[in-house]
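Q: Protein sequences appear in the order of chains A and B.
Mapping to this note's numbering: the first sequence position 29 is 29, numbers consecutive.
Mapping to this note's numbering: the second sequence position 272 is 272, numbers consecutive.
By construction, these hints were calculated from the structure, which means they are not laboratory data.
Some hints could be false.
Said to hold, decoys possible - Facing chain B, according to a computed beta carbon distance under 7 Å, are these residues of chain A, among others: (1) 53; (2) 58; (3) 60; (4) 65; (5) 68; (6) 72.
Here a beta-carbon is modelled for each residue, glycine too, at the ideal position from N, C-alpha and C.
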Amino acid sequence: MLSDDAFKKIDREIAKYPADQKQSAVMAALAIAQDENGYLAQETIAAVADYLGMAPMAAFEVASFYNMYDLAPLGRYKLTVCTNLPCALSGGVDAAEYLKQKLGIAFNETTPDGLFTLKQGECLGACGDAPVLLMNNKRMCSFMTTEAIDQLLTELRADLRGQAT
Amino acid sequence: MLDIEIDGKALQVVEGSTIIDAAHQLGTYIPHFCYHKKLSIAANCRMCLVQVEKAPKPMPACATPVTNGMKVQTHSEQAVKAQKGVMEFLLINHPLDCPICDQGGECLLQDLAVGYGASASRYQEEKRVVMNKNLGPLVATDMTRCINCTRCVRFTQEIAGLMELGQAYRGEHAEIMSFIGQTVDSELSGNIIDLCPVGALTSKPFRFSARTWELARRKSVSPHDGLGSPLIVQTKHDKVMRVLPLENEEINECWLSDKDRFSYEALNSPERLTRPMLKHGGQWIEVEWQQALDYVAHAFKDIAKNHGAAALGALLSPHATLEELHLGQKLMRGLGSGNVDFRLRQSDFSQDGQGTPWLGMKIAEIGSLDRVLVVGSFLRKDHPLIAQRLRQAVKRGAQVSLVHSADDDQLLKAHAKAIVLPSQLPQLLAQVVKCAAELKGVSVDAAITALAVSEKAKAIAESLLSGTRAAIFLGNFAQQHEQAATLQALAQLLAKITGANFGFLGEAANSVGGYVANALPGADGLNAGQMLAEPRHGYLILNAEVELDSARPLQALAALKQAATVVLLSPFKLPGALDYADVLLPVSPFSETSGSFINTEGRVQSFNAVVRPLGETRPAWKVLRVLGNLLNLPGFDQDSSEQVRAEVLGAATPTPEFVTDRLANPLSDVANNVANNVAIKLDAGPNGLERVADVAIYSADVLVRRAPSLQKTRDAASPAARMNAVTLQQCGVSAGQELRVRQGEGQAQLFAVLDAGLPDGAVRIAAAHPKVAGLAAMHGAITVEAL
């Protein structure tokens with residue numbers, strides 16, 4: 001389910017809270033689990049809940065509430081485009097439309113080659129950089145004009161080829 | 001105390017009260033959905049908005065603490081406007097399906113919509129639809145109707161002890177669900193049906209069978225566990241349609257266990273016996289009452305004449321009413337036989353005459369205990385609502401310790417747990433006694449002081465001594481234990497040393513009543529164990545499936561099969577009895593007779609019949625009375641069950657209806673008890689494997705075994721041979737493998753299941769199930785081999 005390494009990381013998070021409040025580490029623990037497995041399967045959530053001594057449903061509430069947790073398998077690169085108001089006014093929706101057309105998929109879909117998954121996201125807290133998108137929950141991409149998007153896609157594909165050779 | 005004015009009426013409330021508490025104190029109704037007096041405050045439905053003076057906006061009454069001098073308007077223009085606004089939002093996504101909704105007529109949303117809803121909706125857009133969930137065989141869902149009040153979530157979390165339901169996703173997509181694909185398996189799950197203010201969670205067995213306004217409501221009392229929950233039985237056309245809790249803060253609060261709630265299905269079972277039957281030349285024929293009763297009277301008279309009255313025996317059920325138990329023992333004694341017993345699952349009777357096993361305190365006082373030791377109890381399954389009270393006590397800081405042979409999750413944070421083999425239980429308890437005695441500086445028996453004390457025993461003793469209000473309870477497992485008397489003596493001694501209350505968690509509805517009615521063997525009589533070990537010629541059985549309800553099923557069956565006459569009084573055509581009985585007399589279940597139960601706290605609860613007896617069924621007390629007349633016995637001329645009751649309890653109805661003064665468990669004799677029991681019996685048990693037997697919650701009595709919906713739950717799963725990893729390995733078997741289990745003369749074929757909560761060497765096999773009726777006894781040595 002999860003590697004020893006992941007549990008070690010979770011232990012570090014648990015250590016930040018009082019001993020009888022292990023479940024405070026649930027968000028961090030779920031993030032660690034997702035980093036390892038790519039998404040949160042039901043069994044993964046149950047394993048995390050069990051490790052933290054909480055009901056599986058309580059962990060599932062958290063996992064289903066926040067949209068950076070993924071409950072189903074994704075493509076290699078998850079692109080989350082912010083479509084909240086400030087981004088939308090500065091071309092966020094256009095960026096999403098361009099990505100849809102470019103990748104040939106709609107929101108919440110994955111390209112047939114399993115490379116890209118497109119998601120609609122909430123405010124990323126960088127309205128000044130609009131339009132913004134987030135790659136794999138970790139990398140923030142600002143000013144995503146069509147050129148910037150093309151460049152990102154090319155870079156990611158090249159990156160992958162680089163890894164393959 | 002704080003001064004508050006609600007709608008112009010001034011009152012004082014205690015500090016920490018909320019506005020809704022204050023309003024209830026005044027009798028003012030504030031509309032609400034998510035608020036419930038027994039659950040935490042969520043304040044998420046917003047229906048209880050009220051106007052508070054100097055507050056800029058309406059405040060939720062359920063979550064706003066009263067401050068001194070607060071002035072609240074619950075029905076002012078601002079308040080009502082806010083409430084109407086909330087109602088409009090609640091109705092946006094709520095389907096307009098009241099005519100086909102089971103909640104119709106008893107729906108909080110429907111009721112409040114009359115007061116606060118508009119006649120037409122302004123909402124033109126698409127309504128949200130939520131997929132239904134399968135929560136198991138008891139609770140039906142229509143999740144689109146859900147208004148997300150989260151009462152059910154808070155119930156599973158706070159009262160039932162495990163958060164089986166939750167609110168997943170968010171915003172408009174938020175929905176109540178169980179963890180994907182799982183059912184709600186709590187033994188208290190039915191309460192979420194009562195809690196749901198709309199028709200999202202309804203009763204699966206009751207679904208679409210009647211409308212609330214067609215039902216007559218009658219009070220009754222649960223015939224199952226020792227708690228004796230008061231019930232509202234709802235009937236239509238002389239048929240029990242549904243059972244709901246009758247609120248009593250001192251017994252069940254506002255809850256009901258699923259066993260009490262859904263066992264009514266058995267009352268309408270096709271297995272009901274509706275006419276007296278006689279076995280004639282191996283064939284069962286239906287006969288008139290007169291003929292059947294004459295036959296019984298003659299048969300009993302013949303046996304008494306030819307073999308002596310001691311050749312007769314009566315095995316009564318602890319689920320029978322006080323009146324039935326009284327007349328049953330009176331009949332036997334009238335015939336000259338002292339062989340009467342109702343403690344069918346007990347196997348150690350050496351404590352007889354030492355008082356009555358009762359709780360030793362009020363049920364309501366359990367919540368105020370701060371130190372508790374429960375010995376030998378499958379707490380949650382045997383006593384769902386007492387477990388719930390202990391769970392609340394733990395939340396308030398009480399320490400509950402458990403001594404048992406199986407580490408089932410009781411869904412409460414136990415302070416210390418000692419899980420040992422059944423044969424080691426007395427030893428372990430003795431260790432606790434030793435430790436407590438040392439801490440208190442009291443001297444105890446040499447057999448006890450010789451023991452080495454384990455860490456766990458020490459922790460338990462220290463916990464018991466550190467509190468101010470402690471109690472020690474013996475559960476069903478301890479009462480059914482082969483050394484029940486030793487356990488009792490040790491627990492009593494421990495109670496005496498620690499100053500704790502001593503009591504028993506009563507197994508059945510009338511576990512106390514049987515003692516009060518003296519349905520016990522006299523000085524010359526045989527107890528339930530002896531009656532089956534030394535077969536009689538004639539048996540009178542009331543409301544029991546002896547081959548399942550007895551401590552030694554094989555022996556019981558053999559004794560009944562060899563008997564010349566077995567008379568069974570039962571509401572059901574019991575499959576085993578069709579083989580060994582000679583007469584079947586259809587008698588009323590609790591819903592069709594008047595009677596009384598005395599619950600584990602010694603509270604007498606009398607009830608009336610809620611429906612007419614089915615077919616030719618007659619109340620058992622009447623049948624026994626007529627039998628008494630036919631046998632020309634004196635003292636069988638009662639006209640009503642009240643007269644029978646008066647014979648037992650005295651003419652005046654005790655007020656309040658407690659008989660606790662009759663139930664003493666004298667702590668003064670403790671020293672003798674210990675001397676007599678402990679020194680001899682503190683030795684180790686059999687080498688090799690030992691059986692641990694629980695009586696599964698839904699096979700505990702004749703009624704629940706025939707309730708189809710309860711039988712579909714996970715708790716009703718067929719028995720398996722449960723062992724921990726060490727034991728499995730020791731036996732050379734693996735989990736999932738089919739095994740042959742041998743015990744005494746008998747055997748059974750069961751699947752092996754891994755259960756980490758068992759001590760090494762224990763094989764846990766549930767009792768009271770036809771599949772394991774071939775095993776010799778509920779305890780003792782057992783062998784396991786792979787098939």
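Q: Any hints from earlier that this structure breaks? Give me their numbers in increasing order, please.
A: 1, 5, 6
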